[in-house]
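Could you put together the complete structure from these sequences and hints?
Protein chains: 4
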Amino acid sequence: MGIMTSEAYLASLAKQKPVVYIGGEKIHDVVHSPYFRISLEEMCKFYDWANDERTAADFTFRSHLIDERVSFWTHLRETPEDVRRMIEVMKAQNARHFCSMCMITGLNVLWAVTYDIDRARGTCYHERLKAFFRELQTNDFRYCMGVMDPKGDRSLAPSAQADPDLYLRVVERKTDGIVVNGAKLHTSNAPVTHFIFTCPSGVLTEADRDYAVSFAVPVDTPGITYITRPAPGPLTSRTLENPVSGHIGFVECLTVFDHVFIPWERVFMCGEWEFTKNLIQYFSPYVRMCKGTCTSARTDILIGAAALISQYNGTARASHIRSKLTDMMIASEIGWGCALASVAKSVMHPSGIPIPDSSVANAGLYHSRLRFIGFLGTLQEIAGGIVTTMPAETECLNEASRAYIDKYLKGVDGVPTEDRLKLLYFIQDLTASRFGGYLTASAVCAGGTPETNRVEVFRNYDLPQKIRNVKELCRLA
Amino acid sequence: MGIMTSEAYLASLAKQKPVVYIGGEKIHDVVHSPYFRISLEEMCKFYDWANDERTAADFTFRSHLIDERVSFWTHLRETPEDVRRMIEVMKAQNARHFCSMCMITGLNVLWAVTYDIDRARGTCYHERLKAFFRELQTNDFRYCMGVMDPKGDRSLAPSAQADPDLYLRVVERKTDGIVVNGAKLHTSNAPVTHFIFTCPSGVLTEADRDYAVSFAVPVDTPGITYITRPAPGPLTSRTLENPVSGHIGFVECLTVFDHVFIPWERVFMCGEWEFTKNLIQYFSPYVRMCKGTCTSARTDILIGAAALISQYNGTARASHIRSKLTDMMIASEIGWGCALASVAKSVMHPSGIPIPDSSVANAGLYHSRLRFIGFLGTLQEIAGGIVTTMPAETECLNEASRAYIDKYLKGVDGVPTEDRLKLLYFIQDLTASRFGGYLTASAVCAGGTPETNRVEVFRNYDLPQKIRNVKELCRLA
Amino acid sequence: MGIMTSEAYLASLAKQKPVVYIGGEKIHDVVHSPYFRISLEEMCKFYDWANDERTAADFTFRSHLIDERVSFWTHLRETPEDVRRMIEVMKAQNARHFCSMCMITGLNVLWAVTYDIDRARGTCYHERLKAFFRELQTNDFRYCMGVMDPKGDRSLAPSAQADPDLYLRVVERKTDGIVVNGAKLHTSNAPVTHFIFTCPSGVLTEADRDYAVSFAVPVDTPGITYITRPAPGPLTSRTLENPVSGHIGFVECLTVFDHVFIPWERVFMCGEWEFTKNLIQYFSPYVRMCKGTCTSARTDILIGAAALISQYNGTARASHIRSKLTDMMIASEIGWGCALASVAKSVMHPSGIPIPDSSVANAGLYHSRLRFIGFLGTLQEIAGGIVTTMPAETECLNEASRAYIDKYLKGVDGVPTEDRLKLLYFIQDLTASRFGGYLTASAVCAGGTPETNRVEVFRNYDLPQKIRNVKELCRLA
Amino acid sequence: MGIMTSEAYLASLAKQKPVVYIGGEKIHDVVHSPYFRISLEEMCKFYDWANDERTAADFTFRSHLIDERVSFWTHLRETPEDVRRMIEVMKAQNARHFCSMCMITGLNVLWAVTYDIDRARGTCYHERLKAFFRELQTNDFRYCMGVMDPKGDRSLAPSAQADPDLYLRVVERKTDGIVVNGAKLHTSNAPVTHFIFTCPSGVLTEADRDYAVSFAVPVDTPGITYITRPAPGPLTSRTLENPVSGHIGFVECLTVFDHVFIPWERVFMCGEWEFTKNLIQYFSPYVRMCKGTCTSARTDILIGAAALISQYNGTARASHIRSKLTDMMIASEIGWGCALASVAKSVMHPSGIPIPDSSVANAGLYHSRLRFIGFLGTLQEIAGGIVTTMPAETECLNEASRAYIDKYLKGVDGVPTEDRLKLLYFIQDLTASRFGGYLTASAVCAGGTPETNRVEVFRNYDLPQKIRNVKELCRLA
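Here the protein sequences come in this chain order: F, Y, S and B.
Quick note, in the working numbering, the first sequence goes up one by one and the last residue is 477.
Quick note, in the working numbering, the second sequence goes up one by one and the last residue is 477.
Quick note, in the working numbering, the third sequence goes up one by one and the last residue is 477.
Quick note, in the working numbering, the fourth sequence goes up one by one and the last residue is 477.
If you are wondering where the hints come from, they were derived from the structure by calculation, not from laboratory data.
Hints may be right or wrong, so weigh each one.
Claimed, not checked - So, partial list: chain S residues that the calculated Cβ filter (under 7 Å) puts toward chain B:
| # | residue |
| --- | --- |
| 1 | A157 |
| 2 | S159 |
| 3 | H186 |
| 4 | Q311 |
| 5 | N313 |
| 6 | G314 |
| 7 | G374 |
| 8 | G377 |
| 9 | N398 |
| 10 | E399 |
| 11 | Y438 |
| 12 | C445 |
Note that beta-carbon positions come from the ideal geometry of N, C-alpha and C, so glycine has one too.
See below:
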């Protein structure tokens, strides 16, 4: 069918029986658990957008693999124009909804890597992946990328760890499949998707060949356990507080694989450690381009909020406010500009997909993500100390205290105090809450850290050419 | 007695009957309200330190006003050495306890301002303040500085606001006292102190003379209402999570004055708008010196946490980690160095107290507070994404999930997983929680904003002298 | 002919008789003046590249206006691909030769503006410009853009100045042409080009309509005087010192128009002040995109030099060196990425040329130009204090002192001291010379200042849309 | 006599016969060489200030060593107050004269190091140094610190270099003295001083014991050769251009020691490699405190110039100008504040001199020196492109071109064009000249690089204490 409805999605979840721990207990019904309320609301939106004619143009695509319209999540981008269109939707969408699930680009990356392995080794990973892709597209399934390993002692390679399971690995190869052990971290929303799709988290050497493994399995495959934390927002929706975190956010999981059997038709890499280099080489520009886009879009939200609260506070014309907004705009444009440039400089991979430029994508993201952290403070500065000292909504909703609040938390004449309160709660939600912590983490840790960006820029920038130029200018042989 | 015990303090609170709203209701017993648990724990510490011989040297002082030992809160600093010693205690203390209640320097400031007014006008504000001081010292009372007005439309002066009460003001002058109307924001911990002590929040012009008012009254004076929000931490203490915010933090209030009568003996300024300039001129260096110290000390905490988690993660020897720690150390030293320098450059006020240098105090704070925001992200980067995706303590305390957590969230060999969890929860508390939002707010808004620092540097830097030097160098007449 | 040789170019100059002051005297033969040696060497290169089959592909283009191959200087870019190819040549070229004469994009800008005026006013400026274009292309002439006015008191509009000539203006309108008075600053290389081509330097209001004037005239038109300063390099070429500034650089002029007559066929704007807004709107993205490209390419030179001297000094593997190089690479990629993005976001103007995106072009340039200044210091830090304390070439060429220099200025074994000296002189030329001053000026002043970039970002960023998004997120009507 | 006159100084120089190469030749009379004009003018000033009653209070001191008044150069600072007074003079002086010869603090450093060695080893270096000190004081001699070695391959220790002379070393120990070979770089003004005073440039290990050598000898000691470059300014003074570099600046030398004999009484360290650690430990805070002061004072000059040119240009009231000035002021205050703080935190060395705090001194300098580089660009931005494109003074002094210059380079009404020209030439001298290159080098290389500052902060910051605090906060054992 290509496009599922959110109702069908929830029904499909109800049939799955993943092992999930949260709130100190084992959950049997994720669909009705308060801990999953926000995650489900978020997931449903994507189905709804695909089914809504006002948004369908952005969220559905013609797939030539199954010759049907498919969703944003399951579409393979095959040209620079496809990729550009994808990030343009992310830029517009995240400026209103914070996240566009950029993990989906993992599929593009594996598309290329499996092609490389097959060509070099005569394996059939690419065909298996294509079959998996068709299944995803046909049923409009969701999947969670399991990339990051727990990693234990970061100064040691996977096989050198005291506990060999600290990176996900193959512990047994059988005729019909493999058995894996280990865990993946940061597997956002895993229990409310249909598949968990893994790949190695870094470049591996020969000693670590058992760690070079990629596969996809249904989320309720025996042996998988999800140790889960709720989305940052409140368990029940609030009236004034948490306008964002009450509706947007992800359950996060530690996903444990305890001797899980994976049939061969769902294995996409098994031992080919030499190709983890390609994996990272392709993953890096995709994820950084997306995060650069995302960071720019989220910066746009901070800018909008800062500009609006300055209007409500009567400071919109102050030169320092305008200067601060300009600083934020510059960072947003740089993040977005470098994402666009990485697409503009992309090169085609023989598997039929473009690989964006890594150096510029990493450079742009590096800059904008670090500025983003500072802007959380800038937004508080522009809004004022009231962001963290304002009365909770219990006091606003209490008749006895409301009149004083209305009188004293008023901003410029003409703007109702309630509007200002709503905006201030929004800013509180962004900058002084557990959700704000997620925004920070998302800026500095998700999709690799700033330090990773630096490594990638250094690795991909053509330094020998620049040295040759200088030698020529100096007339050095 | 000069020094009270924490038990006596709690008993003294029980006798007060302030009007307090919190959690949607009116509270009658702050001492036993769960909303005030953290605030009270914090307030009691200062009494305990003064009574503990290991810490008494830092927290008690000989006062020549009453010829007894008095507490950190009520001591008047009369020499640069006194002031330096005060900030040295703050530097050491805040690196372990986050806050040293720097609002107390407000007393020093009013000491000087009242002196100025009396000398120019023949009033007797200074004697009244001295009497109030003696009362504070003798009984070891606590007070809350009410400085910030709600301010409504920031582009308009107090008297030009649509509602004249948006800045606290005198509405009636009587023979025995004055009647005031308005509110003060950010009156941290007010309901658990003994006095609320107000002063204007900015420089005023003649049109705003009714707003030039300073006074102190018991917190349960009729007409005062506290619309209150709890400290950022959890209402009940937790086992692993919130090691800081479970014990440190302030109730914040919107303190409303609805036709409150203030007897003349407690009025320290009433209409002398010309002296609001002095007030700001003295307040600025004191509060910025303290905040520069505090920001440095809190940066020290981030540094300690970053260094320790890098040990637990096995990254302590990575050059980029060392470089990031160095960046943080530099900012800490700059904040602290400029605070020390502002004392070293202080000048004596004729009232007998030193006024630290404003330009260097503001410059140092400006730098270190903005860096602090970025370091919240740096700490998360060094700790890793796990800070926001780690399981909640409910999963750690659940036998069924604990074994997997112990296995997979382990860092380097030799450090128990529980130690790493404790540190990660600490980092979560600092960077990804409502308490982290308070740290941000405290860095960018408390004691004036970064923009205020810029204004003060520009105002206090001797630009004409520098222009003269340049003219001389250029041989311009 | 479309493409001229450098010999023909020099011959054509010999026929021109501009009024030129330099070195305290009036020059009669620019072609043989030592003051113009460097400028001419630079100008000739462009002719040579166009005639050299190894470089012709980058420096010649098919023009459909005259249906011949034309030069880099005179080609009209009509598609985003054309513009992208132009900046790609600039990026590669400036990383070896510092400057690609981006002033040439002024022609593209006037192409669009004259079209706008004609369409609105029924004038025939566009046809005149096209005719001028054909003349330039057919003869491969060079021109100098005269944009910046002296501006006197920057707080006053042109017509409000004490001296009305402080902006170039029309003083008389005649049947056959106009008479102009005033001056243009920073008219680089004007006396060694064929035409001086002017336009207003800012947005004008109706009161300043006489200042809304654009035209092109031969450089030796009566009434024009060039008060000139030599290129920053030495008057005579040196052996070791000044490897760059001895061969690259521009004569700079104050070009005075003292009642100069301009025939109508060479006038492209005369009084249409409303269109100065369009002029700036088109000029801004073109020049910032070019300067962003240029700044990136020059940063590449600094990176190459820093990397090479670190090899010569034996510090190439130090982590802080690698980190500093990475900082420089990031800035270079951001400058270049935003230039590419501004092309990728360009929109077609009805006159048939693309207008790049202004906001992203300005943002990228803003960032990279300010970083560039800092990198001049970084390069010195990496090279060492020897850059400014090393013996002059007179000592290196003196037998008596050479042996000690060879012995003591040696770096790593295997690199001859002379190679290190050459590189150090190169770095000296870039960072500690009058030419280094030009590089700084070029980074911060040429093509508008950083402050202008900020203004343009603020003006072009879609702030109302971002505010709407936030209102939606806050559920504000 | 304690204080010499400048006439006596010049006469004393005439008696010295150092071997000096400059301008391609061997110089026999430094006093009358045009290459030394600027250096001598600079050196004489210090003698004149000491003899001028208006400045004597800052430049002369009572020495208890010889019980006479002695000069700024030869005075030993024995209390924190002495040191503070020294940097206060530097701060005031450098804001008008750029340099206060902070190399003089080297004497203080050796005072402490020789004391340490003697106490541990029973040597008599300290008495020898004291005797040398008395000689300097009594005769008011000048000396040049020779610290930096050529260093060859920076990745190798001194004794591991291909050429063992790449660090200055003892090649022979004789009964009456030692013979040394090698060179020192950056020995500013050496040929116009009386003594060259050397010490090791870094911490040494046992293998490098021959490199642990410190001594002082007359500048014309046989075997010493000065390969010299002129001060950055013009050989002959100019009318308008180079108002600073025409009068301020140093000859720089490569000082070669070719088997130079040093009598024991002038040797202050010979083989005690373990004490090079103390040397650096004491040198670092002294030199960084001075350079922090100096950088602040030079920033003050940039601020004065920027403020004045903004007045002349009519932009003084623009908010972005004020904001840029404020940025510069903040950096100046931080540099100065941290210098003051390092004195305030100084500890007494048993030899009787204070050692300032290293961490804060390095932190403040690190910040302000890097900002200084950027401010060179800021100053150009505020002044405008005219700084590098303005006509040379030859055109200003030429009647034929002067009228146009007067008309078109005018700024605001009321300021003569000549005043603006003078200021613009001054700014050119600071930011677009070889002297500007010296300012950059002085900011990033002199007294150790920014990277050295980082190393020192990391080394001196009490990290273990901060980790302990965090463990306590986390309740970790």
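Each hint, compared with the structure:
{"no.": "1", "hint": "A157", "verdict": "11 Å, violated"}
{"no.": "2", "hint": "S159", "verdict": "15 Å, violated"}
{"no.": "3", "hint": "H186", "verdict": "5 Å, holds"}
{"no.": "4", "hint": "Q311", "verdict": "11 Å, violated"}
{"no.": "5", "hint": "N313", "verdict": "5 Å, holds"}
{"no.": "6", "hint": "G314", "verdict": "4 Å, holds"}
{"no.": "7", "hint": "G374", "verdict": "5 Å, holds"}
{"no.": "8", "hint": "G377", "verdict": "4 Å, holds"}
{"no.": "9", "hint": "N398", "verdict": "5 Å, holds"}
{"no.": "10", "hint": "E399", "verdict": "10 Å, violated"}
{"no.": "11", "hint": "Y438", "verdict": "5 Å, holds"}
{"no.": "12", "hint": "C445", "verdict": "4 Å, holds"}
The structure fails hints 1, 2, 4, 10 (numbered hints given earlier, in ascending order).
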